[in-house]
Every structure is written in structure tokens, then in C-alpha cells.
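Chain by chain, the residues:
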Amino acid sequence: MTTIAQAIRLALHVGEERHGVTDIFGEDVGAPLGGVFTCTQGLKTAWNSPLDERGIIGTAIGLALAGQKPVAEIQFSDYAYNTIDLLKLAGAMHWSSAGDWNCPLIVMTPTGAGIRGSLYHSHSFDATATHLPGWRVVIPSNPRDAYGLMLSAIREPNPVLFMVPKALMRYRGEEGEDIPGAPDQKTLDELINKPVTGDMSQWAARWPETPDLFIPFGEARTVREGRDVTVVTYSRHVVIAREACAELAREGVDVELIDLRSLAPYDWAAIAKSVKKTHRVVFVNEELDVTNFGEHLIRRVVSELFYELYAPPRLVAGAMVPGVGLSDNLERASVPQRDDLVRAIRETAKHQP
Amino acid sequence: MTHNETDGTNAELPAELLVRMHELMVKGRVLEERLITMWRQGDGYFWIGGPGEEAFNVPLGMLVHKGQGVAYDYLHLHYRSSGTLLAMGADPVDSLRQMKNTARDPYSGGRNFVGHYSVRKWNVVPISSPIEVQFSMAPGTALAQKRHGGRGISIVQGGDAGTAEADFYAGLLWSSRKGAELPVLMIVTNNQWGISTAYDGQHPATTRIADMGKAFGMPTAVIDGNDPEVAYRELSKAMEYVRRERKPYLIEAMVSRLRGHSSATGAAFVKSETDCLALFEEKLAARGIITREGADAMRTSFTAELLEASKRVIAEPQPDSSTIWDHVYATKNLVGER
Ligand SMILES: Cc1ncc(C[n+]2csc(CCOP(=O)(O)OP(=O)(O)O)c2C)c(N)n1
Ligand SMILES: [Mg+2]
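For the protein sequence lines, the chains are A and B, in the order given. Residues in the first sequence are numbered consecutively from 15, following our numbering. Residues in the second sequence are numbered consecutively from -15, following our numbering.
Below, in silico cross-link-like pairs of lysine-lysine (DSS-like), each with a Cα-Cα straight-line distance of 25 Å or less:
1. K102(A) with K316(B)
2. K221(B) with K231(B)
3. K231(B) with K198(B)
4. K364(A) with K291(A)
5. K221(B) with K50(B)
6. K58(A) with K162(B)
7. K221(B) with K198(B)
8. K231(B) with K162(B)
9. K105(B) with K102(A)
Calculated from the structure, these hints are not laboratory results. Predicted model, so just to flag it, every value in this text is computed and none were measured.
Work out the full structure, taking the sequences as your base and the hints as a guide.
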């Protein structure tokens, strides 16, 4: 079983070998560390950049415009905010030039809470990311999707924001969520994990063969089928929602769980189909609940599926406070926990036509 | 001026080159005047451009190694670059189209302000309004060029006030990392103004903008950007260095802002500023390379030509409202084409 961090590493390796990736760079991305979450360990085009987020995004734009295929990392999405105008520019490059230029860069960034990261290692970026027209925005919740979405990102002619739930970096996924044909856990760890002790100056990854798996953008995945309530989420809340679903199943509430995987484009057809089936919907994510992407989805549900609904659509999201506080009590109160999901889904399930 | 000052007296450029330079400067000036008139007459919402910078921007355009892809120069310019584009061979009528935001505006399809060029076939990266962002992008194209080998360089240009932005330092640093120096020609066109804010009081008293390059270990020059012979020679020298050494170079060119910041400040002629075109014409006439009458006749004829062209452009259709949805996403990798 592969971790999400390993899956990204493997996808980037395949990207370097077979799909033209030229530069994987950012703060601590190259040797010796290979990224603060080890996502870029052992990769031949990985290099350490100056500690300058604007320079990282600017240089990635320049590389992309010159026909290279850069993957730039912002070490934590909290630090992407000071690059916002550059992200806007990358998204505008094709449109502003009336189709003359395109800007195929990938920005990879760990996002969200769940690791007790306090104020500035816990921010989400999805509300801002989905306000960047011209960008593809993806956020996997398991190793297979991380691998397949990264490979699609590498082939994409538009800028792609590839967010990674930092709480799931070492998550190995459930049945069916691994890279097809990946070596077993022990073997893979030996092949591509750089040991943390000893003289590692000569260490090199030994890459296993992994397939070309391209998961298309804009295709949600139904994680669990159900008839009573639809839950639409993404990122680490897929894992949390799965636990909530199991608990509710014991109470007789049958939840359909959808992992969006991609926020731009997003799979409206999958949402609509499920809402028409269950007639009840809860949107879940950990962004601030004001001007939240889930609010947009609720607006669409209300405008387009109003007469299908048995219950008011709900949003379970983060508290509109300046940061995620460090104490366990503070973090739990700031971003949705399993019990918050259980309560919201249970309440929604009670509504009858 | 203190550092690396060049007065141009030792410049000996061939007469044909000077004549060509003069013609392009006249064209550039006439184009800007036509654009301002269009704005005054309501045929465009906003004007911004480069009258007063022709003596620098024209030589720059003439010296560009023009083409598509990493073997050629990349240009990361700003909104005063009409002289450079004309010298590279751009059709001035296309600028009229962008002024009038017609459907046939080739640079933005009626989406952007005049002077916001985009020409992929010549590596002219889309010019955008945000100040200084081009300085953090130029190292990217330069890195691709360094990797490719050859003599292509990345040229990045902005104003003096904009150098206060962090992106200017990003450009300096990312171009000059030890062992990873990049072929970037950095240019600051210093007109001593940022809209209404004077240069004095915003920058250190004892140093020039160009001096900042010294802290990053790159050669620098402060030049008289009002003299096209100086500009041509200094740019040639700097470009040769960047092309050969694959390392950065910073030029601060002192220029004039002849029509104020933009239409927002009225675009009236500013008599107190040096007019580089008038100076150059006097000089060339004194040397017997052009005549006053000849220069006037050329100007009259360009003016008439562009007036006629503007009448045609004004009648061109505006972009259809439905086109807002065009080109939000690319369907193929245009920049990956070889
Ligand atoms: C990031 C940003 N801030 C503010 C502005 C508004 N603005 C446009 S031009 C300008 C002054 C720029 O001065 P300078 O860099 O000296 O260039 P000049 O116009 O004098 O050539 C300002 C403040 C902008 N376009 N972008
Ligand atoms: Mg200025």
C-alpha cells in the first residue's frame, strides 16, 4: 500500500520519465530533504529554491511560457496568499491574450488542518482557488487519486493547482484506493523512502514500474452508495465522512458519499444525479464557512433542484475566525469533526417530504 | 549622474542605422499621438503609452533577437513599450485596434488596454497592468534558455517606482544565484515618476536604482535613455554580455514622460521634459544625415496614414458579447509547440 506522499512522488517520477516534467522546485523540495512531507524525495529534476513564494510562482510561470513543464511547490497553502496576483495572472494568460499563450504550470501545495498546525499551517485555500478562473483545481483524498490526478495535471495545458490534504500525507487509503500494480508496502518503502539515519549522501531511489493512470478532471467518485442523504465532500473530509457514514449506518441512515476530487471543473452531473435520488444533501469541507465553495454548490442545488429537495441543503464547514488555534479544543471547534458531520447528516435525514 | 555615465559622444553608428532609428522613433511618436487623439475623441476608454521613451525603446526593439521559443529572446515588457514593438515590426494599426478594443485587436481581442501587447510568435509575453510582476517571471524563461544553450536571453523592463515592489528583488535574486546565474537583461526606465509621486523621497538618497544590481553581483549601467545612440550602444554591450556570459545585467535608463502618466492625468504635452525625438532630429540635421524638411514630411505622412487607418479601425466591429467565454481554458499546449 502506497501513501499519498509516495503516490505523488511516483507520479512525479513517471512525469519526469515519460511526460516531460522539467522542474520540480520550491522550498526544501530538492535534496537532501525532498520536501517537508517527502513528496519530492529522490526525484531527478527536484531543486531547492530561494525562500520566496512570489519568485517560485513567477519563475514557474516563466518556465511554463518557455515550453517547460514545471511543478512548483508552495510549502504550505497558508503561504500561497502572497502570490495571489501571480496566480490570477497565470489563470488569465490564455484569456487576456485572446488565446495566443497558454500557461501550463502545476502548483502543488499541502492544505488544511488536522495536524495541529496552529494558525499558519492549517489554512485551507479552496475558496480562493475556486475564485481563480483559468485554473484547474484538484484535491485528492487517497493515493490512487493523488497519482492519477497528478499525471493528468502533468498533461494539462492550463495551470493546475494540486492541493494535498496535509493530514493525509501518510494515509494509505482503503481497498481499491492504491496505485494499480504498486509493490507491497515494505518493498515500496525500501525502494523509494530515503532512510532517516546514516550517511545518505549516496542514496538514490529505486523506482518501481507504475502505470500511466490518468484520472480525468471533473469526475467525482462515489465512495459509498446510499439512499437517504447525499454527502458531497473532498480532501481529508472524505475519510472523516466515511467514518460518519459507518456510524450512521448503524442507526439505519444510509448515506451516499461523493468525493469531488476536482473543484474546477467540478462534477455537477454526479451531484445532481445523487440529489435526485436521495433528495437530501450535506456539503462538507474545512474552509471558512463564509463565501465557501459549498455555498456555491448549495446555490446551484437550490436554483436547479429545488423541487427535488425534502430537506434544506446544509453546509458543514470551518468557523469564520482568523485561524485554527493550536489547542485540541480550539482546532476541533474550528474545523468540522466526525461528530459534527454525524449530527448534520442525522438532522438532514429526519426531514420528510 | 554618477555611475557608469555615458554621454554618447564616442558613438559612431552607421548613418543608415541612425536613419532607420529616427524613422521608427517618428512612427512611435505619431502612433502615440494618434492614440491620445482617439482617446480625446471618445474612441477608446483609456490611453497609456511611451511618448518620451522612444530613444530607448526603439533601439531595444531593433536589437532583439526576434523569434519563437527558447533560441530567441523573451520580452517581459510593460505598458510603455510601443517603440520596442514597432521596431520589432509590429503593425501600428493593431495598436489602434486595441485602443478601440475591436474584435480584430490581435493582442487581446478587445479585452485589454492599449499598449498591452502579446505576440507569442515573437516571444512577447502578455503585458499585464500589475506593476513589476514581469520581474519575477523573467527568470523562468531565462532558466529554460540557459538550459537550451545558445544566445537567447530574457529581457525584462519596468518603471522606476515599480522597483519598490518585491518582484524586483525576486528578479534580481533569481537571476543571480551563485552557480545558477541566468541570462536576464533587467531594464528600469526611470522617468522620475510613479503616476504623481516623485522619485525623490521614495528611494535611498545616495544610490541609484542600478546600484541594487551591484549587491547581486551583476554589471550595471545608468544611461541617458534620451539619446538613442547611447541606448543602442549600451544595450548592445549589455546584450552581448548576457548572451555570452549567460548572466544578468541591470540597466537604468533615464527617460522622459512626455505626456504624463496616462489619459487619467490628461495626457497633455509636458514642456519641461526633454524631448528625445526633437534632440535627435537636431543632432542628425546638424550632422547632415537628415533634413528638417525631410523629417517634417515623414511625420506628416505617417500622421495622415494613421488618421486614415483610425477611421477604418473605428468602423470595425466590437467583439461579440459571447466571446467572454472564449479562451478561458486552452485546449492544447500552444507553448509546447516546436
Ligand atoms: C501592483 C500595482 N500597483 C499599483 C498599480 C497602479 N499603477 C499603475 S502605473 C503606477 C506607477 C508606476 O510607476 P513606474 O514604475 O515608475 O512606471 P511609469 O509609469 O512611470 O513608467 C501605479 C502605481 C498597478 N498597476 N499595479
Ligand atoms: Mg516612473
